[in-house]
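Protein sequences, first through last, are from chains A and B.
So the first sequence is numbered by our numbering: it starts at -10 and just counts up by one.
So the second sequence is numbered by our numbering: it starts at 923 and just counts up by one.
One or more of the hints may lead you astray.
[To be verified] Just a few of them, taken from the derived set where beta-carbon distance is under 8 Å, the chain B residues facing chain A:
{"no.": "1", "residue": "R994"}
{"no.": "2", "residue": "F999"}
{"no.": "3", "residue": "G1000"}
{"no.": "4", "residue": "L1220"}
{"no.": "5", "residue": "W1222"}
{"no.": "6", "residue": "W1224"}
{"no.": "7", "residue": "P1230"}
{"no.": "8", "residue": "E1231"}
Read the hints as simulated data drawn from the structure, not as lab findings.
Glycine residues also receive a C-beta, built at the ideal position from the N, C-alpha and C atoms.
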Amino acid sequence: MNREDPIFVAHRLLDEQILDSEGRRCGRVDDIELRGSPPRIAALLVGEGLYPRRLPTRLRRLARRLAGPERWGANALRIPWEEVADIGVAVHLRGKAEELGLGGGDNPDRWLVRRLPWN
Amino acid sequence: MKSILKIALGVIAALGGFLDIGDLVFNTQAGALFRYDLLWAVVLGTLGIAVYAEMCGRVAAVTGRPVFDVIRMRLGFGLGLVALVASTVVNLLTVAAELGGLAIILQLLFDAEFSLFVVLAAIGLVIVVAVLPFGGIERIFGYCGLMMLVFVATAIHQDPDWGAVAHGFIPSLSSSTLYLYFVVGVFAAALMPYEVHFYSSGAVEERWDASSLKENRMNAVVGYALGGVLACVLVIVSGYLFHPLGVEPGDLGTVALPAQGAYGETGLLLALGGMMFCVGGAAVDSSFSASYNLAQFLGWEWGRYRGPEKAPRFTVSWLIFLFLAMLIVLTGINPVEITEYSVVFAVVALPMTYLPILMIAGDRSFMGEHVNGRFSGLLGWLYFALIVVLAIAAVPLLLATNGGGG
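Excised from the complex, chain B in its bound form (with noise of 0.2 Å):
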């Protein structure tokens, strides 16, 4: 009964880092455009994250080795370090885009000044992490996301037409480069490539060894499924309300109106809250992110757990890249914005940070009994392939369709 307990209490703080900013633009737009036509987008993206997460998680724990430290091993330093400054780049626009949300909810839930929040979700969050352990980090945000839930049960009190949403699993391709944009958009806003950085380094920051495999593969199935349910209803409830009166969510307040309609105040205030959870954890996921792979590529002394006095570099990093976010979001660039380039530029990059561990999963002198079964690998490797695909595809259709904006 106990390790039920904890294995549901590590489901939801794996949870936590499932949605960010990203979902929310995106999903609620794809509603609010095409209704539920783009659910089995979400769907396969989410089994994409559990794929690449499981992958990681399962060879951090066998091998302990996290993601950065697979790449510059299988890649070498010149190819790595093509791999790092683009993933660096990612992880900057991505700390900027979740930096950004969080003062815009400041600002929904407390009416002041936009700059002034930006300043303050900073220091907040610096003080946060540096007061508490790692584990702890994650619980909070994972704990206090799950407000989030307010969306599932709007979903069900609007009892949409639940044929038309059952439809919108099924895969439809169409010429429209608009509909297109969202394929990938979706695809990639579920499948960030942070998120999976941080859960392998979090296996090490956690000492998980090959008796944490089934927590992995538990975290992987049960959280990535709820995390799943959780994007999906984000579509369902903005292709509901939004789509028949054609309104295009242009900023992240619209994404909570779904909750209040249903609601009331407390819906919105449930909405906003577990939003602000969300936003908040990925802020620390992806900056941790940006100087996990940083330490992990140049081989400095890196994590939580030894605390800055034994990782200065690390540490320091990790203020830099989060000041450096807080410069971009100042500027006043629309985070709304930065969200859109930055889940775009990931899936770019994503191909170069999923190959090696593909590669490393799969070799038996690394893995030993735990490699690549057959099923895993060809799944594996069918999400290569996609994966490709969109990443050639993501910026044509970014550029076709000006960022979305038709």
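In isolation and in its complexed conformation, chain A is listed as follows (with noise of 0.2 Å):
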């Protein structure tokens, strides 16, 4: 599927799992940004600050205290939609999961997982 063909945002695209281009799995699509009318996707927004969105509004405020409040850059990001490559049985991206700050918590550089024995 291409970039610029009409899609089912829900059925296809909300929840999926995103690739990059080296085909590390990088987090799901948690949110979706849509802009002008009529509307268009702009981003696609990836981390676990968006996850008490998801949520019903009464468990909204206790899962911000267990997961904490999304903060930009650090638990929730925003990746352009020409960043996307490919819709297809996942989404997958044009550059490297790094470069836009996706899958850290996989990242060998981060401190903890550094110092797993086997790294």
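Using the hints, put the two standalone chains together into the complex.
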């Protein structure tokens, strides 16, 4: 599927797996930013800071206490729609995960990951 | 010829993931309490897992999506999270039950402290997983688990009243809550969801594609048929030996006794060996399943094929699940009791993970020409209805029978 083709956002894009240019799994489409009228997709939003807003209103406060509020750049990222290369079985990005700040938890340069006995 | 051999080996490996501590506990007790009356429920459960596994394997082969990938896609974040939490709790209980069972069997084979064997079993599993590639892990437990065939030989040796055995395959209900509890238990023990979640993630680990569909069908039909025979035989040998005596087997060692009765010490050792590899394999499958589910839901890198360097969060979460399960067993709760809870709660959580698979397997936009046909679609929905009924009945029956205690 091409980036310019019409897409059923909730059916094929929201919650989809994201892969970087090297095929690494680096998060899921946790939310989608729409702009303009008629609305067009502006960006994919990724990160655990976005989880609370995916829950019913009554649970959000509890979820924010557990997962933390969304902080852009730290636990919530904006991936501009131009970075998307293709949508197939997963969302394929043009760039590498590190360049976009994705997949940080699996990044061997992180201190916690570096200290694992097998690294 | 080579491809037949390959399929045969694959089927055996798949079989390794079928029998676990749930089947050993529930089927032996069912035989002791109701002789051959519950054989039909074993068959019903086995057919259920064949239907579910075939769909999951087909979805994974065609779309590259394992179960929790599909769950996140179809249920969304909120409902998917409920399915994830429920499945994780059940998985953790299952890992604890398998680990405890493994320790009991080791204790029967080599006499020493129980808690020592719990720790050794956990360390042993970490070593096996660290050393062997994915296919090797599946095979070692699958092939060695074939020692369980001693139970088939035992049933033939016992030569029970085959007419009575055949009668047990005719479904029958009774108003006894204990009987109904065991209908649910025996069905659920055959249809443990972690087995299917592991199977579908394994399909991605082994890079299945549409050309693997034949293998998938063979696994579902032949593999589960063989697994079903073993599960039925557990009921038969127990029903033959324990039912007339009025013994209710409360521990895992009793499961192996019919084989000893028929073939002496050799029989006992084969039975315990087979049980050890079945339960050990199930401990690996259920703990992997817990981390597969978590990683797939959150979009982390996952898989034994990626190695711990490329999938650190997946690997660490696996170690944490194993460690937590070890702590649960070390509290001293009887593993047989943990087993009963894990099996009953598994069927409660099952509809949530079964439905999204059924939806996507019937969705032509994902599956193309491999979409559910009329027959598999109908069978899939019939089983969904059955699972929902059993999920609703499971907890009230657990409470009413005091956990099968009568």
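Hints and how they fare:
Annotation: B:R994 was flagged as interfacial toward chain A, and the flag holds, the nearest CB pair being 5 Å apart, inside 8 Å. With 8 Å as the threshold, the beta carbon of B:F999 comes within range of chain A, its nearest partner Cβ sitting at about 4 Å, so the hint holds. Hint status for B:G1000 relative to chain A: holds, with the closest Cβ pair at about 5 Å, below 8 Å. The beta carbon of B:L1220 comes within 7 Å of a beta carbon in chain A, closer than 8 Å, and the hint placing it at the interface holds.
Using the Cβ-Cβ criterion of 8 Å, the hint placing B:W1222 at the interface with chain A is satisfied: the shortest such distance is roughly 6 Å. The closest approach between the C-beta of B:W1224 and any C-beta of chain A is roughly 7 Å, which is under the 8 Å cut-off, so the hint is satisfied. Interface hint status for B:P1230: upheld, as the beta-carbon distance to the closest one in chain A is roughly 5 Å, under 8 Å. With 8 Å as the threshold, the beta carbon of B:E1231 comes within range of chain A, its nearest partner Cβ sitting at about 6 Å, so the hint holds.
When the structure is compared with the earlier hints, no violation turns up for any of them.
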